[in-house]
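The task is simple: from the sequences and hints, build the whole structure.
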Amino acid sequence: MTAEEKRIYVDLARLNAESAQGRIQVQWKIVLSLWAAMGLVLWYVVDKNVDVPAWFALPAIALYWVTAVLVITPAFQTPHETDKAWQHHFMAIAQGRPSEAPKLRRPRWDIRTLKLPWPIAQVLITTILAAALVFAVLR
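My numbering numbers the first residue of the sequence shown as 383 and each following residue consecutively.
No lab work stands behind these hints, which were simulated from the structure alone. A few of these clues could be false.
The list that follows gives simulated cross-link-like pairs (lysine-lysine, DSS-like), each with its CA atoms no further than 27 angstroms apart [what the hints assert, rightly or not]:
id	residue 1	residue 2
1	Lys466	Lys411
2	Lys466	Lys485
3	Lys485	Lys388
4	Lys466	Lys388
Computed from a predicted structure; not experimentally measured.
Next comes the structure, spelled out in structure tokens:
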């Protein structure tokens, strides 16, 4: 393999790493915005002593939790996993090690993609905020 080919594979690996990092940043921005919205609603309900009917609030909180946990987080996980796999594949080729092209192991919306610490932390924080909202509404 020529030096030019090695450089191309290293550049491809770098692009995949940048893509994964950019995706993580976007995911954190989305989740932090959702948490801020939850916190604002929680503050408003508790501080203003607003009576929100449970028939409205509980389905809204459940829908929010489902959106944050079962839609947003897995939607970012599979592409992130794919970018990392291709990054390692291209680096192996550049280093002269044998490597097979990665295959996507799971469908995009599979909840089992939640295996990294940061999405698990996002799910836990979202669950805690949702529980706080439920208790605030039912008080």
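27 angstroms Cα cutoff - pair Lys466, Lys485 | holds, 12 angstroms
Given the hinted pair Lys466 and Lys388, is their alpha-carbon gap at most 27 angstroms?
-> OK: Lys466 and Lys388 at ~18 angstroms, within 27 angstroms.
Agreement of Lys485 and Lys388 with the hint, judged by alpha carbon distance not exceeding 27 angstroms | holds, 22 angstroms
Taken at face value, is the distance from the CA of Lys411 to the CA of Lys466 at most 27 angstroms?
-> holds, 21 angstroms
Violated hints are absent here; each numbered hint is respected by the structure.
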